[in-house]
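**Q** Sequence:
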Amino acid sequence: MTPTEISRCRSKLTRSLRPRKMKEMPVPASRAPRSTRPPLAVKPTEFIRPTVKKPSTAAPLRRLPSTGGNSSRTDSRPAFQDTTIERLQREATCGKLWQSPGDADLQKVPGNFSSVEDYAKVFEPLLFEECRAQLHNAWEELLEGTTGDPHAAVTIKMCERRERGWWDVTLMPMDRNRELRFKEGDVAVLSTPKPGSGIKRKGRLKDSKSESAEEGQIAGRVAGIVRRYIPIDVRDPPGAVLRFHISQEDMNKEGNGEADSITNPVHTLQQIQQAGASWFLTVIGGFTTTQREYSALHQMPNFRPQMMNAILHPKAELFPGYADTAPPPMPDCFTAPFIHHLHSGFNVPQLAAIQWAAAHTAAGTSEVSSNSSGGQPWPFTLVQGPPGTGKTHTVWGMLNVIHLVQYQRYYTALLKKLAPGSVSSEESSLSNGGDHYGDGGGTIDEVLQKMDHNLARVLPKLCPKPRMLVCAPSNAATDELLSRVLDRGFIDGEMKHYKPDVARVGVDTASRAAQAVSVERRTEQLLAMEQPHLMRWLQQLRNKEVTLGQTVMSLQKDLIDAAAMARSQGNVGVDPEVLAFRDQMRDGKLQQLAAVVEERDKVLVEMSRLFIIEGKFRPGSNFRNEDARRKLEASFANEAEIVFTTVSSSGRKIFSQLSHGFDMVVIDEAAQASEVAVLPPLSLRAARCVLVGDPQQLPATVISRAADTMKYSRSLFERFQQAGCPAILLSVQYRMHPQIRDFPSRYFYQGRLVDSESVKALSEEVYHKDPLLQPYLFFDISLGRESHAGSVSYQNKMEAQVAVHLYQHLQKTLADEAGGGPPANVSVGIITPYKQQLQCLEKEFVALIGSNAASNGVYINTVDAFQGQERDVIMMSCVRASSYGVGFVADIRRMNVALTRARRSLWVIGNASALAQSEDWAALLADAKDRRCFVSSTTCIQRGLLPEPVAGPPMGSSGILHPRPGGLMSRGRGMSGPHGGRHSSSGRHQYNNHAGEGSHWRGRSNSGVQERGPDGRELWQRPPYDRSCRGQRDGPRAPGFGPQFQHPSRRNKGL
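At position 339 of the sequence shown (counting the first as 1) the number is 339 in full-length UniProt numbering, and the numbers step up by one without a gap.
None of these hints come from the bench; they were simulated from the model. Nothing here was measured: the structure is a model prediction, and the numbers come from that model. We treat Cβ as the ideally placed atom computed from N, Cα and C, and that holds for glycine. Be aware that a few hints might be false.
Label-pair distances were calculated between CB atoms; the ranges are [stated by the list, open to error]: (1) Ser114 x Thr701: 27 to 37 angstroms; (2) Glu641 x Glu317: 32 to 42 angstroms; (3) Leu527 x Glu870: 34 to 44 angstroms; (4) Gly489 x Ala153: 52 to 62 angstroms.
Start from the sequences and build out the full structure, keeping to the hints where you can.
**A** This is how it looks when you write it as structure tokens:
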């Protein structure tokens, strides 16, 4: 460049760095106009008073490309070109936050996609909608909250216009003693008047409606992204800057006279100029998880080709035929004792899953041939684990064999690098199919002489270590797997226990196992280290590195001498035993060298971390704590052989800083994560993934009903199965009593679940002799009444009382069987679909027993929260008791979870007439009657579980109820009651201490099943159960997936 050009560039750079006064910004001709009117003039230090004018006829508006689901692909492509986080922030905080989506805004998730663009076109609007629904749900919860005031009074200091339609409003707390609490990047709402002071409207408005202010009222509400503001005057408290967006659509509404809605940003911008308004800042929360999913969605073009193809076009040909093919043979690296250990520690289906996982790890090599073209590994392995089938134990075994196979290939490749001619052709073939295992070149002399003896690391230059990522949707599920690995360790080919190098990323729990290997906690410990301790540790590591370096040199010399002797002697005419001994000695030295090199490599890594911390104590080193923290966390994660994290945390920035990615990804509870949720771990470019879960249990929680209707909650696992992709089914269950297992096995798993030998060998419980405490019973509480008191949740007080009486009866039976000794310890859980019923159950425990459930060892929770747990006895309160449907109790997957939590007894408490409105529950009721496990309301009254009505009320109505003398409801407070008590006559009952005498008997007739009372009166009768009734959930089912029998009318219906 000439001196003139350099001077001109320097002048431009200087001008660009000067602080400038905000001016009107004309729209460049090459861009779409950001506004329909002249932009507002803004001064950075002035209070802005915007004026909104009608759009100029000289500059007509041009609509932005639509992102709706019904737009053509040609029209929608420009919208999807902007994949920045700024676009996500714009979509999440726009006016649609306060409105429900229209029918044309979303598209149903199909089974196949034509391209990556088509995939993004479907999922991106659904992701935006779910994000807005989550934020709006958090807003409503804050409005209903009773603890604290989340709405901070603020004053507006200034408002500035930014590029691309963004505006920054600087806010200061009105109370100088109150700090504005939020995290950088949180979503917050600026509003006037104070939220909740007017009419409370629940839910989002329809897309065709708007929320307007009353005449003369100053009202406005805008959502945006909040960040910290530090004033120049140190006497002022820290404030906040809220950045919100005014879109073309908002300007169009203003031009059409529709900008009077208080949720329109244009209207709110006008209201800022009004004097006397009190503004409030409400922090809703962050949407970090959505950001990670959004980023992963747009990284899909960088996925491995086979993995991307399987996601877009799932078909059975991309998977091995698990059902039609025998499990693959054990890898050659498995010794006979280790194979015996696998056979003795796992059942046949579990062992098949482990063998396929080992084959999947080795796929693409000569050891195991792949069914896909080009000898590449198949992308996904599916393992379906129904309740009680030992899924976590199986995953632990899979991790063990995957780790062994990976490191057998790694050490073989490493030895081949150290001495290319020392490894047999069979062993060297193991290293040819991996992504990081290449051929070495040169003689052993040349390779050894090239090894670096300085502080530079040797191992990554020779052969990078294989790495595995293990994740799950929740911290609890992730930490459960991590605890198994840390507690049990792994077993190698020589049957020795060892613990792999593991790391936990993103610890948000107090789990001891997770904290011990947390990269965040270990980083904080290093950053807190004092200089004397640091220097002592560093010196110890230096001395150890010198010793290991000398050992490396000694082994190198021995190998070079052995190679020279072998060349001088040759192989012709040498005794074969001498040749074998020579090779054996060489191989032993090579293995020693590989072990020492690996240990020295770990020392060098530890020294490199300490060198980062040492900069803190070195003058003039420009040490920055955040930079050091980022480097240390990446170092811990980068050196771990197995990294544990959640599916969301796998999208953290730390994973983009690793030197190399992962060879294998294992996702547990994959059916509980939506398809978009599992994209972050898949975006790390692993060639292989194992999905473990059960699509027949609860799916991911989706707040938006519109998105849920469009199958946004469907997991990738479930979509694969619906496309006919095979899965390995763990079919041996270790949890449920055979009578409990019977219905879920036939209805949800086509009768493929079988009992383990341990379950078959268990004797009956002592309380099973009581007719009311059988292993599996349905109690018909037809007199119960559901209520919701204006809430979306429901309760049924009578069902709660029956559950408490059953618990009392169980405790008394156990005490009687103990004969004065300590009663048997039986764990009890009470589950219900509704939170309001959960509170009702807890209240009834206190009212009828005199103490809460927890003090009696009874665990009460919702069905959703109980997934993954189990108890000896489970009581389920179904709650619904009206003729207007059963709500989400009808969800077939929630039903499956509820019915599979019990080990020894399952007692379902519900209104049979109401539940029969659901075809799934009707099938359960018919099955219970057919198996003589149905307890009618009359029997419940006779046995004292229900009070006897004076006049029989209809279902769902109230009546005068009296306890049956001698029944369960006429007993004392029970085992835990301190007073043996007396209740008032208004709805409470007199108690005594003797047991009820009512009994009943059941009989059969040729026309059906009958239940009769003691007087012979028929209690109910129904025709024989038709076992041929079958049906399906919506969509085709993969083999081994779905109910074995249902009502025929349900075949083509959805949930």
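**Q** Which of the numbered hints above does this structure break?
**A** none
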